[in-house]
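Visitor: Each chain, written out:
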Amino acid sequence: MRLSLGRKAALFYAFLIYLFLYAPIAILITYSFNQSKLNAVWTGFTFDWYVRLFQNGEVLEAAKTTLVVALMSTIAATVIGTLAAVGMYRYKFRGKTALDSMLYLPLVIPEIVMGISLLALFSQIKIPLGYFTLIAAHITFSIPYIVVVVRARLDGFDRSLEEAAMDLGATPWQTFVKVTLPVIAPGVVAGALLAFTLSIDDVIISFFVAGPGSTTLPLKIFSMIKFGVTPEINALSTLMLIVTLIVVIIAERLRMNKNV
Amino acid sequence: MKMETLPTTAETGLQSQPKQRQPRDWAKWWTLSPVTLWMTCFFLIPLLLILLVSFFTRSSFGGIEMPLTIENYTRFFDSLYIKILWVSCLLSLATTLLCLVFGYPFAYIIARSPQRYRNILLFLIIIPFWTNSLIRTYAWILLLRTEGVINTLLINAGIFEQPLTLLYNNFAVLVGLVYTMLPFMVLPLYASIEKLDKSYLEAAADLGAKPWQAFWKITFPLTTPGIVAGSLLVFVPSLGLFFIPDLMGGSKSVLIGNLIKNQFLTARDWPFGSAVSIILMALTLLCIVAYMRTTNDKQGKELL
Amino acid sequence: MTNCMVELRQITKQYDQNTVVDQLSLEIQQGEFMTLLGPSGCGKTTTLRMIAGFELPTSGEILLDGEIVQHRPAYQRNLNTVFQNYALFPHLTTFENVAFGLRLKKIAKSEIEKRVRDALKLVQLEEFSGRKPDQLSGGQKQRVAIARALVNNPKVLLLDEPLGALDLRLRKQMQVELKHLQQQLGITFIFVTHDQEEALTMSDRIAVMNGGKLEQIGTPADVYDRPVSRFVAEFIGETNLLTGTVKEIGQSRLVIESDGSALVAPAGIAVRELQDVTVAIRPEKALLSLEPPAAADSAVNHLPVKLVERIYTGVTTKTVVATHSGKQLVAHENTDQLLPVSAGDELFVTWNPAHSVVLTA
Numbered sequence: 001m002r003l004s005l006g007r008k009a010a011l012f013y014a015f016l017i018y019l020f021l022y023a024p025i026a027i028l029i030t031y032s033f034n035q036s037k038l039n040a041v042w043t044g045f046t047f048d049w050y051v052r053l054f055q056n057g058e059v060l061e062a063a064k065t066t067l068v069v070a071l072m073s074t075i076a077a078t079v080i081g082t083l084a085a086v087g088m089y090r091y092k093f094r095g096k097t098a099l100d101s102m103l104y105l106p107l108v109i110p111e112i113v114m115g116i117s118l119l120a121l122f123s124q125i126k127i128p129l130g131y132f133t134l135i136a137a138h139i140t141f142s143i144p145y146i147v148v149v150v151r152a153r154l155d156g157f158d159r160s161l162e163e164a165a166m167d168l169g170a171t172p173w174q175t176f177v178k179v180t181l182p183v184i185a186p187g188v189v190a191g192a193l194l195a196f197t198l199s200i201d202d203v204i205i206s207f208f209v210a211g212p213g214s215t216t217l218p219l220k221i222f223s224m225i226k227f228g229v230t231p232e233i234n235a236l237s238t239l240m241l242i243v244t245l246i247v248v249i250i251a252e253r254l255r256m257n258k259n260v
Numbered sequence: 001m002k003m004e005t006l007p008t009t010a011e012t013g014l015q016s017q018p019k020q021r022q023p024r025d026w027a028k029w030w031t032l033s034p035v036t037l038w039m040t041c042f043f044l045i046p047l048l049l050i051l052l053v054s055f056f057t058r059s060s061f062g063g064i065e066m067p068l069t070i071e072n073y074t075r076f077f078d079s080l081y082i083k084i085l086w087v088s089c090l091l092s093l094a095t096t097l098l099c100l101v102f103g104y105p106f107a108y109i110i111a112r113s114p115q116r117y118r119n120i121l122l123f124l125i126i127i128p129f130w131t132n133s134l135i136r137t138y139a140w141i142l143l144l145r146t147e148g149v150i151n152t153l154l155i156n157a158g159i160f161e162q163p164l165t166l167l168y169n170n171f172a173v174l175v176g177l178v179y180t181m182l183p184f185m186v187l188p189l190y191a192s193i194e195k196l197d198k199s200y201l202e203a204a205a206d207l208g209a210k211p212w213q214a215f216w217k218i219t220f221p222l223t224t225p226g227i228v229a230g231s232l233l234v235f236v237p238s239l240g241l242f243f244i245p246d247l248m249g250g251s252k253s254v255l256i257g258n259l260i261k262n263q264f265l266t267a268r269d270w271p272f273g274s275a276v277s278i279i280l281m282a283l284t285l286l287c288i289v290a291y292m293r294t295t296n297d298k299q300g301k302e303l304l
Numbered sequence: 001m002t003n004c005m006v007e008l009r010q011i012t013k014q015y016d017q018n019t020v021v022d023q024l025s026l027e028i029q030q031g032e033f034m035t036l037l038g039p040s041g042c043g044k045t046t047t048l049r050m051i052a053g054f055e056l057p058t059s060g061e062i063l064l065d066g067e068i069v070q071h072r073p074a075y076q077r078n079l080n081t082v083f084q085n086y087a088l089f090p091h092l093t094t095f096e097n098v099a100f101g102l103r104l105k106k107i108a109k110s111e112i113e114k115r116v117r118d119a120l121k122l123v124q125l126e127e128f129s130g131r132k133p134d135q136l137s138g139g140q141k142q143r144v145a146i147a148r149a150l151v152n153n154p155k156v157l158l159l160d161e162p163l164g165a166l167d168l169r170l171r172k173q174m175q176v177e178l179k180h181l182q183q184q185l186g187i188t189f190i191f192v193t194h195d196q197e198e199a200l201t202m203s204d205r206i207a208v209m210n211g212g213k214l215e216q217i218g219t220p221a222d223v224y225d226r227p228v229s230r231f232v233a234e235f236i237g238e239t240n241l242l243t244g245t246v247k248e249i250g251q252s253r254l255v256i257e258s259d260g261s262a263l264v265a266p267a268g269i270a271v272r273e274l275q276d277v278t279v280a281i282r283p284e285k286a287l288l289s290l291e292p293p294a295a296a297d298s299a300v301n302h303l304p305v306k307l308v309e310r311i312y313t314g315v316t317t318k319t320v321v322a323t324h325s326g327k328q329l330v331a332h333e334n335t336d337q338l339l340p341v342s343a344g345d346e347l348f349v350t351w352n353p354a355h356s357v358v359l360t361a
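Chains as they are written, first to last, in the numbering used here: chain A, 1 to 260; chain B, 1 to 304; chain C, 1 to 361.
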């Protein structure tokens, strides 16, 4: 295939941008297998840093916290967000615009504002920072994402399917379980997976609402980086990148395939 | 937020009907009340709370006490703090511009690439969009620090004798911000370029427009919603990303996000921190209103 | 009326301030094929949706087999709907789609199996039971939708423009099939369409709706031959409308002056002298001739006209003529026996006074 000069230049440009986006990550992953503690020069392949990671009690504890928080908040946010998306798709009601803004606003305001406002709330009502506050905060920032993803799925949803179910004798609840939910399931799962990645990756909001005994992995990484660059951070980051990558691949496949 | 259901039309009808609650009303209640309750408790009330706190006085123990005051706001307009806001805005603006300048051609190339590659190319943008920005920031620290990859390469290649100071300055912060925020610019740009009907360009060419004229007169104006949405998605979050200045900037790189963070965690001046947050929030809302005015996107749909 | 299956009493539906259905009353008999016919926005679909239970009337009552049902939700009404776009559940196979209603009723598995098979047999789709909706053609989806509704033995079947998405040939075929199915099963059908030809072909009775109101209700012959308003005359079939003034009210006939000619029409409509009325004549009832009828033959209406153009449509030719005042009329000529005239030539339109329909609305 012969390409015009302009086309070649365009491809080269795109390649440079991809390089900019991926080279640092590639280097990070590479160095997580480097023997040298100094990072910069390649001295040989090793799994040492991964092994050390799994012997580090604090890291394991943070991993556990991250997973528990992500699972709990994803489940709760998915239930609340899916119900909300269905309700907002189905009904007109007073205050719909207000609810709409309340769901869009968290997506556009700086996370730090949400973080400190939650911190202010928890400290005012004397809830000690810990698992509960982390989970509550993660549910809050996940709900809008799930609503957006599920509503996008509902946009292609034929309203008369619900009417057909009711017409055939299904109560609203049966209609939801037997028709609406199966049809929008890919959207719901995609939303849940995205909420899960958001939760395991969140730094800013967790930073304010995590307690001393409930450090998550990103917070652990944050404090480790402040003490200096170490190969363990590389290894831990690599593992987190892989988890995110897997979850995002599944989620995007579900989201793009409208015909599932 | 009033969540009780609307009076059914039967109730407002001319003939008085027996008031019967439709079963659908319960479904309405069950789908919408959890989200309303949750977002009210954990989003709306906390925001109102910091608005309230911002008018209190800091107590000597780091708590809040009476009297009510606007001193927290007037204090912000001291030269020191207003300068922080100014620098933050400049840095965020620079980030936005750089993302736009690099992102637009890139989004254009992807959107006009052959259909069979397009999804995979797009997917390669979506991955960084979702990956942890802290880890991505860290990757740049690995590259830029004194004993980092770039310096090692340069010295080993004999180009420089001494390592360059690439980290801990505003340049590093800018690199970190652009790197983190670029996908947020590219995705809305891609969306608006991709849905642009090619026949407009063909019509323009047919009417005698040269490619660059067609671009300026057709493509660019029609993709402004994407440009504005992308700019908003880059500008606003970069104001609050405190960890990039924290980790990549020098001790002088105190930006508005760091200021808020420090007021809450270090200085323990919650009223002042709240006031700064409210100012940041107001600035954000101003941007969103401007966005809606320019694009007529009443729902903010383009933003996602 | 002992065997009235569906009765609407003074049904009104308003959205905000818009009245979509206005004081509509209608009785539909057991086993009847009733068509709601009208242009889009006339309220026919809303009426159907109120009967189905998807919309609550603003006022009025709906009776289903003698019971007041307007407040009952859709799933508690013993009737089923065939939707415009079929609304087949995309995640279920043909069999599961048809079995959906029966499963909800907790009917024994073996019986479900049997009834679904029977229903699919009825619509000739036995071999397709394992397919998902997106593997079916438009006509097949249509049949599945019908089977899914009929399998529940509804008292009434509601059909909302069910043939709208099919191409013309399939549409004609399905019209016949549906009509046969209805006669075979003896179920009350309420059919919504904007296609007057479809309505004339299939219905026992047609309710013509306009602006949320019932314009006319009657057999296809009633609404075609004896429209009660300009709207009905124009909406159903092609028609020529002449405006005129009542000159004479006789025992058995009316004389109306139009365009300088006296037109005769049958009596029997309440008019007063000098009232402005419209006379409607179907194109196939209008004849063309080169000579005026014999002067004594006052039993034939005639108007002197000029030929404007001819439009070939196959067996018949649409011939457009114009009166002295320029009013254009259409007559159907047999293509094999066209009069030897060309554009601009003078000739006469004649018709039997019995075919003049006088409209006051």
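FYI, nobody ran anything at the bench for these hints, they're computed from the structure. Owing to the predicted nature of the structure, the values given are computational and were not obtained by experimental measurement. It is possible that some hints are incorrect.
Taking lysine to any residue pairs in the SDA-like style, the calculated list, with each CA pair at most 25 Å apart, reads [unchecked claim]: (1) C/K285 <-> C/A270; (2) A/K126 <-> B/I45; (3) B/K198 <-> A/A185.
Over 10 Å on every C-beta distance to chain B, these chain A residues come out as not near it, computed from the model [stated by the list, open to error]: (4) S4; (5) A10; (6) Y13; (7) Y31; (8) T46; (9) D48; (10) E61; (11) L83; (12) A84; (13) G87; (14) P110; (15) A120; (16) K178.
We put the CB at the ideal spot given by N, CA and C, even for glycine.
Visitor: Next step is simple, just say for each hint if it's right about the structure.
Guide: Status of each hint after checking the structure:
1. For the proposed pair C/K285 and C/A270, the alpha carbon gap of about 24 Å is at most 25 Å, so the pair holds.
2. Note on A/K126 and B/I45: the hinted pairing holds, with a Cα-Cα distance of about 15 Å set against a maximum of 25 Å.
3. This hinted pair does not check out: B/K198 and A/A185 have alpha carbons roughly 34 Å apart, beyond 25 Å.
4. The beta carbon of A/S4 sits about 12 Å from the closest Cβ of chain B, which is more than 10 Å, so the claim that it is off the interface holds.
5. A Cβ of chain B approaches the Cβ of A/A10 within 10 Å, the least distance being about 5 Å, so the stated non-interface status is violated.
6. The beta carbon of A/Y13 is not kept farther than 10 Å from every beta carbon of chain B, the shortest such distance being approximately 6 Å.
7. Separation of A/Y31 from chain B is inadequate, the least Cβ-Cβ distance of about 7 Å not exceeding the 10 Å criterion.
8. At roughly 17 Å, the least C-beta separation between A/T46 and chain B is larger than 10 Å, which holds for a residue marked as non-interface.
9. Residue-level check passed: A/D48 sits 18 Å from the nearest beta carbon of chain B, beyond 10 Å.
10. In this structure A/E61 is separated from chain B by more than 10 Å, as the shortest Cβ-Cβ distance comes to about 19 Å.
11. The claim that A/L83 is not at the interface with chain B is violated, since a C-beta of that chain comes within 10 Å of its own (minimum 4 Å).
12. Interface exclusion of A/A84 from chain B breaks down, the closest Cβ pair being 4 Å apart, not more than 10 Å.
13. Here A/G87 does not stay apart from chain B, with its beta-carbon only about 3 Å from theirs, under the 10 Å limit.
14. A cut-off of 10 Å between C-beta atoms contradicts the statement that A/P110 is not in contact with chain B; the least separation is 3 Å.
15. With a minimum CB-CB distance of about 5 Å to chain B, A/A120 fails to clear the 10 Å threshold, and the non-interface call is violated.
16. For A/K178, the non-interface assignment is confirmed: its Cβ lies about 14 Å from the closest Cβ of chain B, beyond the 10 Å cut-off.
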